[in-house]
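**Student:** Each chain, letter by letter, is given below.
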Amino acid sequence: MSWAFLRDLLSGVNKYSTGIGRIWVAVVFMFRLLVYVAAAENIWKHEHDEFECNIKQPGCENVCFDHFFPVSHIRLWALQLIMVSTPSLLVVFHVAYRENREKQHNQKLYRNPGKIDGGLLYTYLISLILKTGLEIVFLVLFYKLYNGFKIPRLVKCDIKPCPNTVDCYISKPTEKMIFLYFLVATSCLCIVLNLSELSYLIFKYSIKCYLKRHRKKQQ
Amino acid sequence: MDWGALHTILGGVNKHSTSIGKIWLTVLFIFRIMILVVAAERVWGDEQQDFVCNTLQPGCRNVCYDHFFPISHIRLWALQLIFVSTPALLVAMHVAYRRHEKKKQFRKGDQKCEYKDIEEIRKQRFRIEGSLWWTYTSSIFFRLIFEAVFMYAFYFMYDGFRMPRLMKCNAWPCPNTVDCFVSRPTEKTVFTIFMIAVSSICILLNVAELCYLLTKFFLRRSKKAGNSKQQPNHENKEETKQNEMNELISDSCQNTVIGFSS
Chain A
0 MSWAFLRDLL SGVNKYSTGI GRIWVAVVFM FRLLVYVAAA ENIWKHEHDE FECNIKQPGC
60 ENVCFDHFFP VSHIRLWALQ LIMVSTPSLL VVFHVAYREN REKQHNQKLY RNPGKIDGGL
120 LYTYLISLIL KTGLEIVFLV LFYKLYNGFK IPRLVKCDIK PCPNTVDCYI SKPTEKMIFL
180 YFLVATSCLC IVLNLSELSY LIFKYSIKCY LKRHRKKQQ
Chain B
0 MDWGALHTIL GGVNKHSTSI GKIWLTVLFI FRIMILVVAA ERVWGDEQQD FVCNTLQPGC
60 RNVCYDHFFP ISHIRLWALQ LIFVSTPALL VAMHVAYRRH EKKKQFRKGD QKCEYKDIEE
120 IRKQRFRIEG SLWWTYTSSI FFRLIFEAVF MYAFYFMYDG FRMPRLMKCN AWPCPNTVDC
180 FVSRPTEKTV FTIFMIAVSS ICILLNVAEL CYLLTKFFLR RSKKAGNSKQ QPNHENKEET
240 KQNEMNELIS DSCQNTVIGF SS
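First to last, the protein sequences are chains A and B. Going by numbering that gives the first Met the number 0, the final residue of the first sequence carries number 218, and the count climbs one at a time with no gaps. Going by numbering that gives the first Met the number 0, the final residue of the second sequence carries number 261, and the count climbs one at a time with no gaps.
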């Protein structure tokens with residue numbers, strides 16, 4: 000069980016997406032998942048071992064690390080990737096439900112079970128709203144937990160059992176900051192893609208609806 | 000999810016590339032991604048742990064390491080490879096879009112459509128002309144730009160391509176100017192030079208491909224202008240069909256079947 004599962008899931012979603020949806024899948028694959036696995040994971044690998052405090056007091060380093068990093072950046076990043084990809088499952092389930100219904104009744108109920116119309120449209124829109132919402136929630140969480148997107152070189156810590164205020168040094172702060180900015184940039188890009196897909200779908204289907212009504216009135 | 004997934008995606012693009020494009024893809028996978036994963040990652044693996052400074056002052060080592068390596072070589076390479084591979088996705092998307100349109104045409108039962116079944120549409124290789132030419136050319140252009148930008152960033156950040164054995168550091172909290180020693184500097188220099196060399200080869204291949212495409216474009220244009228004055232249209236169509244068949248026959252043995260499926 001690994002990221003390959005997420006990759007297969009997203010490939011399945013790709014089939015039922017609009018053009019913008021496919022661009023979103025490509026961005027998530029290339030710029031978020033691949034960067035995470037190939038580069039970012041290794042930066043945070045030994046973060047605890049390399050976190051150094053100017054003190055010999057046993058336990059002080061542990062306590063200070065725990066205080067400044069309640070949840071590590073890299074774990075939050077992984078959670079964000081998983082949460083943001085999951086709403087697409089709703090669409091996959093709905094299509095599977097449609098195909099199941101057709102099998103049960105043994106007749107063609109839908110013109111094309113994978114086409115985005117009727118109930119599937121609402122499911123798709125809900126999945127887009129959920130995706131966008133989750134992205135924003137995680138960005139806000141990152142911002143609140145770490146007081147912005149900066150990673151300082153030095154943090155001052157005075158929690159027991161540290162005897163006084165102690166200087167603690169974070170490892171690779173610049174590299175971590177660069178990748179954090181990269182994460183924020185790709186998140187914002189994904190939010191923009193989701194919002195444009197949402198407006199495109201709403202616009203397309205309201206025009207369709209309006210034209211249908213107009214035709215009925217004429218008849 | 001790893002470089003293998005990238006290989007699957009780009010393998011589909013391989014089918015619709017020129018010969019130089021196929022060479023570029025091979026160089027990318029064998030001499031860059033494989034070397035990165037199999038060798039370079041091990042060399043840079045113990046980077047910070049084996050970065051030793053001649054001081055007992057806690058924190059000095061962390062700060063000096065951060066000062067000299069704002070972003071590690073290996074991470075820069077991984078980012079470079081990802082950015083350089085991304086334009087090929089544009090081509091893959093364009094091809095997938097065209098296939099989708101042809102499938103729609105086929106399903107509607109359009110008599111213009113000359114395919115016997117959907118499988119033939121899936122396996123068909125599109126010629127690089129029309130809008131696909133523009134997508135392909137702009138993808139090569141972006142590739143070139145990304146390669147150049149990353150090479151410059153490397154040169155700028157590390158003052159050249161050599162990894163020194165010793166660095167002198169006096170960032171706070173180091174008490175004075177302190178000697179810091181990098182682990183495996185020679186091996187790292189060798190790999191850096193290797194990666195830069197292969198990057199340059201890729202840049203040359205991209206430039207050659209760009210020139211080839213532009214030459215083809217202008218030749219085709221002048222041929223069309225010449226032909227429209229002299230010969231009737233149907234003879235031209237026979238010729239192009241024969242050319243297409245010849246190309247397909249010569250390329251069919253080299254192509255992979257994996258595609259970026261829509």
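Simulated from the structure, these hints should not be mistaken for lab results. Errors might be hidden in some of the hints.
Quick partial rundown of chain A residues pointing at chain B, CB under 7 Å, derived from the structure [to be verified]:
hint: 1; residue: Val-36
hint: 2; residue: Asn-111
hint: 3; residue: Gly-113
hint: 4; residue: Ile-177
Glycine residues also receive a C-beta, built at the ideal position from the N, C-alpha and C atoms.
**Student:** Next, verify each hint and record whether it holds.
**Tutor:** Hint-by-hint comparison with the structure:
Given hint, A:Val-36 at the interface with chain B, holds; its Cβ is 5 Å from that chain's nearest Cβ, closer than 7 Å. Against a cut-off of 7 Å between C-beta atoms, the interface hint on A:Asn-111 is violated, since the closest Cβ of chain B lies about 10 Å away. Because the closest C-beta pair between A:Gly-113 and chain B is about 11 Å apart, greater than 7 Å, the hint is violated. The criterion of a C-beta within 7 Å of any C-beta in chain B is met by A:Ile-177, whose closest approach is roughly 6 Å, and the hint holds.
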